[in-house]
Amino acid sequence: MRVVADKARVTGLIDNLAQAIKQDMAAMDGQSQWAIVGIRSRGDVLAQRLAERIQVTHVGTLDIALYRDDLSEVGPQPIVRTTDIPFDVDGLQVVLVDDVLMSGRSIRAALQSLMDLGRPRRVWLSVLVDRGGREFPIQPDHVGLDLSQADVLSSGERVDVFVQPTDDRDEIVIRPSGETEQMG
Amino acid sequence: MSEDKSSYSWPHKHLLGVQDLSVADICFLLKTARGFEQVSTRSIKKVPALRGKVVANLFFEDSTRTRSSFTLAASRLSADVIDLSGRDSSISKGETLSDTARNIEAMGVDVIVCRHQLSGAAVQIAKSVRCSVINAGDGQHEHPTQGLLDIYTLAMKLGRDTFDLSGVTVAIVGDIAHSRVARSNMYGLLKLGAHVILVGPPTLLPSAFADLGCELCHSLEDVLGRVDALNMLRIQFERLTSQAFPSLREYAAYFGLTSERLARAKKDVIVMHPGPINRGVEVDSDVADGPCSVILEQVANGLAVRMATFFLVTGVDT
Chain A
0 MRVVADKARV
10 TGLIDNLAQA
20 IKQDMAAMDG
30 QSQWAIVGIR
40 SRGDVLAQRL
50 AERIQVTHVG
60 TLDIALYRDD
70 LSEVGPQPIV
80 RTTDIPFDVD
90 GLQVVLVDDV
100 LMSGRSIRAA
110 LQSLMDLGRP
120 RRVWLSVLVD
130 RGGREFPIQP
140 DHVGLDLSQA
150 DVLSSGERVD
160 VFVQPTDDRD
170 EIVIRPSGET
180 EQMG
Chain B
0 MSEDKSSYSW
10 PHKHLLGVQD
20 LSVADICFLL
30 KTARGFEQVS
40 TRSIKKVPAL
50 RGKVVANLFF
60 EDSTRTRSSF
70 TLAASRLSAD
80 VIDLSGRDSS
90 ISKGETLSDT
100 ARNIEAMGVD
110 VIVCRHQLSG
120 AAVQIAKSVR
130 CSVINAGDGQ
140 HEHPTQGLLD
150 IYTLAMKLGR
160 DTFDLSGVTV
170 AIVGDIAHSR
180 VARSNMYGLL
190 KLGAHVILVG
200 PPTLLPSAFA
210 DLGCELCHSL
220 EDVLGRVDAL
230 NMLRIQFERL
240 TSQAFPSLRE
250 YAAYFGLTSE
260 RLARAKKDVI
270 VMHPGPINRG
280 VEVDSDVADG
290 PCSVILEQVA
300 NGLAVRMATF
310 FLVTGVDT
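Here the protein sequences line up with chains A and B, keeping their order.
Just so we're aligned, residue 0 is where the first sequence starts under numbering that gives the first Met the number 0, counting upward by one.
Just so we're aligned, residue 0 is where the second sequence starts under numbering that gives the first Met the number 0, counting upward by one.
Simulated from the structure, these hints should not be mistaken for lab results.
Hints should not be assumed to be uniformly reliable.
[Said to hold, decoys possible] Residues on chain A that point at chain B, a partial pick, calculated with CB under 10 Å:
#, residue
1, Ala64
2, Leu65
3, Gln76
4, Val79
5, Arg80
6, Thr81
7, Thr82
8, Ser112
9, Asp115
10, Gly117
[Said to hold, decoys possible] Computed beta-carbon distance windows for the label pairs:
#, chain 1, residue 1, chain 2, residue 2, range
11, A, Gly131, B, Asn102, 48 to 56 Å
12, A, Asp83, B, Ser6, 20 to 28 Å
13, B, Asp221, A, Gln163, 49 to 57 Å
14, A, Arg8, B, Ser21, 37 to 45 Å
15, B, Arg86, A, Asp83, 40 to 48 Å
16, A, Ile137, B, Thr95, 47 to 55 Å
17, B, Ser21, A, Gln47, 30 to 38 Å
[Stated by the list, open to error] Derived lysine to any residue pairs resembling SDA-like cross-links, with alpha carbons at most 25 Å apart:
#, chain 1, residue 1, chain 2, residue 2
18, B, Lys12, A, Arg67
19, B, Lys45, A, Val122
20, B, Lys190, B, Val222
21, B, Lys156, A, Thr81
22, A, Lys6, A, Ile53
Quick caveat: nothing in here was measured; it's all calculated off a predicted structure.
Beta carbons are placed, not taken as given, at the ideal position from N, Cα and C, and that holds for glycine.
Produce the complete structure using the sequences and hints provided.
As structure tokens, this is what we get:
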């Protein structure tokens, strides 16, 4: 296991993400209303932490368990939690936030879930880590840590993100396949 | 792509009775229902979780609202629903229950929702088929989704987010002997730590229920002051064959929830009824429509609980 970002680095990465989002917000016309929506179960925490750094009208949480495309695969059903979007997404600039972007399947599910709630004006994608390995034509607008280059991760390696307060610490680690740790 | 690791996973391919469920099962199902509740309130009331699955309603006994609730729950999960309802003879044409169920399963059905006038029918069907079976009421045995939605409504109303009901006292009032709703409620409530008082005339309240851990009482007046919730069962004219009580008027006089009686209960007592109400018999109109009543919330929560049930049983593959 190697630690690629410690607490200070994670904070810095979140600062950078916030800065990148702010730039895009400034570049848009001042009429737009913005919302930050995090995908459970680490994107929601990141969304909250980004919202502390950016002036936005709304903050929400998306649970994508019911929209996953692997429901019929073998294994128990994922845990269904509540989606908490207490505002109308129609016409909003929505920044979708997730911790790690890999295949893009979670984002596809999140987009479908978002469309069922209304019609955002535009959806942006901000991720803390892009680790490559896309299975859908999905690209992030803002990336904290880019691990998508071919030589960064060897095959089978996983990226785990830990963020407070869901986890007991702020950390990004790369671990070989098979090695696991109970995540909080 | 971080996944939540959890040592618990839902183990039941069928939902036949609350009696078969562990405390963890009940809590997990009700927590899952919370996630489904908001699907019914947003602009597009549909999620793709059960797309491509087929649900068959196999109702040997008349029911409009339970069947509609199951149908709507399945539709909101994007499942296709076929309805086989009516009197016994028109569905089965003389074949056995198992044969009927196998024939329906052969159409490629993933879940059979069944209601039958005989206790044990759902268990029998579950033994005959490979698909999931949800019991929507079998004779006097169980009606698990009703019991679970009652408990869900109660817990939400009391602010018990973890569904721990210790310290809560619930009275179930009426025809306990014939009521599958009473049984499903009772099993669930006891498992979650509630104190259950069964109230009814001796003819409708078998003393054997005391062995299950319930308190029995033949007077509604005596329990009013110490209950947090009153679940008023429907008098089921279709099941009352013998003279269980002299007249409806007499039943209402002793066991009906009037506003005078309600005034003697705790101020924020919760009044439940599984429907359809016989107004003026189990519950007076001004109580049923009053601030203590959660009768319509029960109906709304029924959808969420049934969606959660469909979602969980279809995820079990053994």
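Any hints this thing doesn't respect? Which numbers, in order?
-> Structure breaks no hint.
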